[in-house]
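Trainee: Using the sequences and the hints, build the whole thing.
Protein chains in written order, with my numbering: chain P, 1 to 323; chain W, 1 to 500.
A portion of the hints provided could be inaccurate.
[Said to hold, decoys possible] Here are the simulated lysine-lysine pairs, PhoX-like style, with alpha carbons at most 20 angstroms apart:
hint, chain 1, residue 1, chain 2, residue 2
1, W, K262, W, K415
2, P, K182, P, K143
3, W, K262, W, K279
4, W, K127, W, K186
5, P, K209, W, K362
6, P, K36, P, K277
7, W, K440, P, K182
8, W, K440, W, K415
9, P, K213, W, K362
10, P, K182, W, K369
[Said to hold, decoys possible] If you anchor each label on the Cβ, the simulated ranges turn out as follows:
hint, chain 1, residue 1, chain 2, residue 2, range
11, W, K106, P, T239, 45 to 51 angstroms
12, W, K106, P, S280, 58 to 64 angstroms
13, W, D56, P, I34, 45 to 51 angstroms
14, W, K8, P, L124, 41 to 47 angstroms
15, P, L313, W, E74, 55 to 61 angstroms
16, W, E74, P, A306, 27 to 33 angstroms
17, P, T184, W, T483, 48 to 54 angstroms
18, W, R304, P, T239, 55 to 61 angstroms
19, W, D324, P, L313, 39 to 45 angstroms
20, W, M90, P, L35, 49 to 55 angstroms
21, W, D136, P, D145, 55 to 61 angstroms
22, P, L124, W, E27, 52 to 58 angstroms
23, W, G221, P, C22, 50 to 56 angstroms
24, W, K8, P, I288, 55 to 61 angstroms
[Said to hold, decoys possible] Covered, in the sense of this in silico footprint (three residues per stretch, anywhere, with C-beta under 8 angstroms from a C-beta of chain W), are these stretches of chain P:
hint, stretch
25, 88-100
26, 177-186
27, 204-210
No lab work stands behind these hints: they were computed from the structure.
Glycine residues also receive a C-beta, built at the ideal position from the N, C-alpha and C atoms.
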Amino acid sequence: MKINEAARAGKLKINWSFAVPCIVLAMLIIAMGILKPATLSLYFLGIKCDISVSLVFVAAGQTLVLISEGIDLSVGGVMSIATCIMATMSEISLVGAILLCLVIGLAVGCINGLLISKLKMQPLITTLSTWTVLGGCALWILKTDGGYIPPAFTNFLIHRVGGIPVTLLFIIAVLIMWFFLKNTAFGYSVYAIGSNERAAYFNGIHITKTKIKIFCISGVCAALGGIMYAGINATGSPTVGESNIMMSIAAAVIGGTSLTGGRGGVTGTVVGVFILKLISDILVFAGITSYYTSLCQGLLLIICVAIGSVSTLLKNRRRLEYD
Amino acid sequence: MSGFVVKKISKSFGAVKALDEVNFSAEHGEIHAILGENGAGKSTLIKILSGVQQADEGTITLNGKELRFKSPKEALACGIGTVFQELSLMQDLTVAQNIFFEHYPKSKGIIIDKKLLREKALELFQKYDIMDIDPDIRTNQLSLSQQQMVEIIKVISREPSIIILDEATSALTQNRVHWLLDLARKLADKNKMILFISHRLQETRQNCDRVTVLRNGRDVGVRTLNEVDNDELVSLMIGRKLSAYFPEWKPMASEQPQLEAKSLTIDKYLNNVTFTLRKGEVLGVGGLAGQGQVPLFLALAGIRHATGEIMLDGRKIVLRNPGDALENGITLIPEDRSTEGLIQTMSIRINLLLPSLSIFSKWGFLNRKQSERAIEEAIERLEIKMGSSDDMVMSLSGGNQQKVLISKYLMLNPKVFLMLDPTRGVDVGTKSEMFRLVRKLAEEGNSVLFYSTDLSELTGICDRVMVMYDNSVFDTLVGEEITKENILKASVGESIRITQ
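Mentor: Take a look at the structure:
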């Protein structure tokens with residue numbers, strides 16, 4: 001494979017849809033450091049990781065679904081119901097409550113996957129329905145925010161191992177899992193389905209099985225997100241999932257994942273999550289009212305999507321078939 | 001000066017010069033063919049003439065008047081109508097709405113009179129001999145072939161003085177090809193100019209008056225078609241003598257059956273098809289388009305479910321999905337390379353790997369070393385020309401894409417190749433290479449089921465030819481019987497055997 005290596009060494013291809021969010025994140029960190037030097041500390045990193053970890057899990061699952069050209073709105077419902085279960089049942093048995101959450105996430109994912117791949121239902125409407133159903137269930141379990149989470153669990157999550165936050169370790173674990181997953185046969189299949197489902201099928205990829213697996217992973221990730229949220233905030237909330245739906249999609253898209261499938265990855269998504277979480281901070285530090293937070297998050301989203309489509313446009317113009 | 005004159009048209013894409021001072025001219029009442037290999041610049045030229053792209057340099061004149069246009073709409077206003085290779089119909093509109101899009105017949109007020117639209121469409125259909133299309137039907141309910149006819153009528157209805165037919169026959173069934181060619185002649189007789197672009201040499205020869213040959217972005221010759229033979233045309237196109245278009249081969253097929261199909265049936269699409277594909281054999285599949293060939297291939301590839309039995313090496317197999325077929329060593333080179341065969345936006349490497357993912361992975365994890373070696377071998381075996389295996393498939397030429405498609409199945413060491421029109425849309429040179437490959441695969445003991453719409457390919461490389469008619473096998477020709485005449489006869493359901 002000599003030619004390949006030469007070609008690789010010759011021109012290093014920059015993946016702009018991943019490079020841009022990294023640059024944005026770096027700029028945000030630098031700007032914060034200038035506005036408030038104290039933010040460049042392990043302490044601040046710990047706080048940020050604690051706030052972000054639940055969204056990292058939800059968005060990681062979402063990313064996988066988006067790559068396969070699907071969308072999963074039910075993550076909101078799963079997350080809400082998980083916090084509610086944690087808040088009401090972890091008093092009896094912490095392990096039992098966690099397991100129950102994971103099973104629910106798995107089951108919801110399985111149902112989503114079956115409906116979408118077997119009955120050929122639209123992912124958007126399917127997961128919208130499951131989200132609504134779950135949201136209802138969450139309110140039935142827990143009427144308002146509150147409940148009880150064993151302090152030991154909260155303390156474990158916000159613990160620092162030699163200064164390093166446990167939540168950061170979780171985030172790193174997500175990245176390591178992603179790295180492995182990406183290079184498995186399953187990982188290749190996910191990208192193939194997202195790029196061209198028909199061709200993937202012709203290539204012998206089992207579409208139904210793969211899609212069910214994708215939604216199951218997303219469901220479990222959302223449940224984990226809920227567990228983390230409940231643990232860190234020491235509370236359950238029947239509505240917390242809702243804001244996380246759009247945030248999870250936004251984080252993935254900002255991180256370079258394409259809504260049309262086939263492109264992107266969890267690494268970018270993690271960067272996207274931190275960008276979203278840091279924007280509100282930087283506005284506060286800069287003395288701008290927090291009303292502008294969602295405005296800025298929205299603008300950033302537009303920029304990132306624009307970068308994605310402009311680079312595709314440029315690529316297409318360059319190769320406008322010479323045949 | 002009368003006629004259509006293109007002078008010194010150049011067009012570059014980055015560093016690639018797609019057209020380099022191309023000249024050509026057509027006269028009123030003429031069907032003028034444009035021939036060239038893939039990459040010769042035909043598509044670019046058509047795009048410029050139709051207004052899809054603009055030339056960097058050069059002029060286009062019609063009857064002495066220079067034309068300037070920046071879009072297909074403006075080109076049409078200048079009198080150049082193009083029937084595009086990729087259909088440009090709006091699938092959710094009715095046939096009549098498509099034909100008169102932005103060109104609605106005058107009616108009172110702003111509301112379009114549907115009745116009038118229908119009448120006008122029917123009038124057109126009558127004028128141009130179309131019987132089987134209802135103007136009120138939604139376009140996506142038509143077959144590809146019918147859509148192509150609508151597309152043609154749509155363009156002709158604007159009465160352009162130059163009509164460009166870009167591979168317009170490739171989507172048409174045999175009898176509709178005749179319809180189009182007759183139509184083209186009629187229009188030419190009415191003093192229109194027809195530019196005819198086709199991969200099919202024979203068709204071009206029989207129906208056109210003159211031909212301009214393009215090669216590497218230049219015009220390399222204009223010939224009057226009844227004064228030039230095929231060899232000369234082909235060597236003009238490829239710039240060298242094509243020693244032998246078809247490879248020389250000896251029949252190597254053993255008597256041992258590889259794949260047996262017993263009364264395969266798909267309701268309305270396939271009727272009781274029984275045949276045997278022997279080891280080391282190239283079995284051609286012929287017949288007019290739409291006689292069940294495609295469903296047959298899809299059924300054998302596990303994509304469509306058919307009743308009946310499929311036996312491989314004497315063992316009954318069940319094909320529930322393409323994965324089952326691949327596991328059994330049955331591979332399909334599908335009809336549409338770019339959307340069914342390959343994933344254009346993924347790298348060559350991953351495309352090669354996709355069908356064999358399960359072979360190279362254990363517990364879901366890929367064995368990198370093993371898979372990389374296999375990929376390297378696959379690339380070398382078919383001499384795929386490319387920069388890096390990490391490049392996207394869409395960066396390759398049509399011929400090389402076809403090679404990637406075949407290579408990725410070779411990695412599975414399959415037994416049976418189902419080839420659905422594998423030479424469609426590839427240039428003459430690659431075609432010839434493909435024929436050699438097909439024969440080589442057979443020599444190595446594989447079996448090939450080879451469907452082609454080109455009769456000369458069936459006579460050129462097949463051990464036997466199975467002709468399909470009315471969704472079932474009409475006849476199987478062997479040895480001396482394999483002639484174009486016999487295939488054609490059988491295609492229309494006429495027996496070639498002398499009845500006693």
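Trainee: Please go over all the hints and tell whether each is borne out by the structure.
Mentor: Okay, the hints, checked on the actual structure:
Between K262(W) and K415(W) the CA atoms are separated by roughly 19 angstroms; this keeps the pair inside 20 angstroms, and the hint holds. Taken as a hint, the K182(P) and K143(P) pair is broken in the structure, with Cα atoms around 40 angstroms apart against an allowance of 20 angstroms. Under the criterion of a C-alpha separation no larger than 20 angstroms, the hint pairing K262(W) with K279(W) is consistent with the structure, at around 17 angstroms. Our distance criterion of 20 angstroms between C-alpha atoms is met by K127(W) and K186(W), whose separation comes to about 11 angstroms.
A C-alpha spacing of about 18 angstroms is found between K209(P) and K362(W), which places the hinted pair at or below 20 angstroms, so the restraint holds. Taking the CA atoms of K36(P) and K277(P), the gap is about 16 angstroms. The hint holds against a cut of 20 angstroms. As the CA atoms of K440(W) and K182(P) are separated by approximately 37 angstroms, the hinted pair breaks the 20 angstroms bound. As the CA atoms of K440(W) and K415(W) are separated by approximately 13 angstroms, the hinted pair is consistent with the 20 angstroms bound.
Our distance criterion of 20 angstroms between C-alpha atoms is met by K213(P) and K362(W), whose separation comes to about 18 angstroms. Taking the CA atoms of K182(P) and K369(W), the gap is about 17 angstroms. The hint holds against a cut of 20 angstroms. K106(W) and T239(P) have their C-beta atoms about 58 angstroms apart, which leaves the hinted 45 to 51 angstroms range violated. The hinted window of 58 to 64 angstroms between K106(W) and S280(P) holds, with their beta carbons roughly 60 angstroms apart.
Taking the beta carbon of each, D56(W) and I34(P) are about 49 angstroms apart, inside 45 to 51 angstroms as hinted. Distance hint for K8(W) and L124(P): a CB-CB separation of about 53 angstroms, inconsistent with the stated range 41 to 47 angstroms. Checked against the given bound of 55 to 61 angstroms, the beta carbons of L313(P) and E74(W), roughly 23 angstroms apart, lie outside it. Checked against the given bound of 27 to 33 angstroms, the beta carbons of E74(W) and A306(P), roughly 30 angstroms apart, stay inside it.
A C-beta distance of roughly 53 angstroms is found between T184(P) and T483(W), which places it inside the suggested range of 48 to 54 angstroms. Checked against the given bound of 55 to 61 angstroms, the beta carbons of R304(W) and T239(P), roughly 47 angstroms apart, lie outside it. Judged by the Cβ atoms, the range 39 to 45 angstroms given for D324(W) and L313(P) holds: they are separated by roughly 40 angstroms. One distance hint, 49 to 55 angstroms for the beta-carbon pair M90(W) and L35(P), holds here, with the actual separation near 54 angstroms.
Between D136(W) and D145(P) the beta carbons are some 58 angstroms apart, a value that agrees with the proposed interval 55 to 61 angstroms. Between L124(P) and E27(W), the C-beta spacing of about 56 angstroms keeps the proposed range 52 to 58 angstroms intact. As the Cβ distance of G221(W) to C22(P) is approximately 55 angstroms, the hint placing it in 50 to 56 angstroms holds. The hint said 55 to 61 angstroms for the Cβ distance between K8(W) and I288(P), and at roughly 60 angstroms that hint holds.
Given a C-beta distance limit of less than 8 angstroms, the hint that chain W covers the stretch 88-100 of chain P is violated, as 0 residues qualify and 3 are needed. Counting residues of the stretch 177-186 of chain P whose beta-carbon sits less than 8 angstroms from any beta-carbon of chain W gives 5, enough to reach three: the coverage restraint holds. Residue count for the stretch 204-210 of chain P with a Cβ under 8 angstroms from a Cβ of chain W: 3. That meets the three needed, and the coverage hint holds.
Hints 2, 7, 11, 14, 15, 18, 25 from the earlier list are contradicted by this structure; the remaining hints agree with it.
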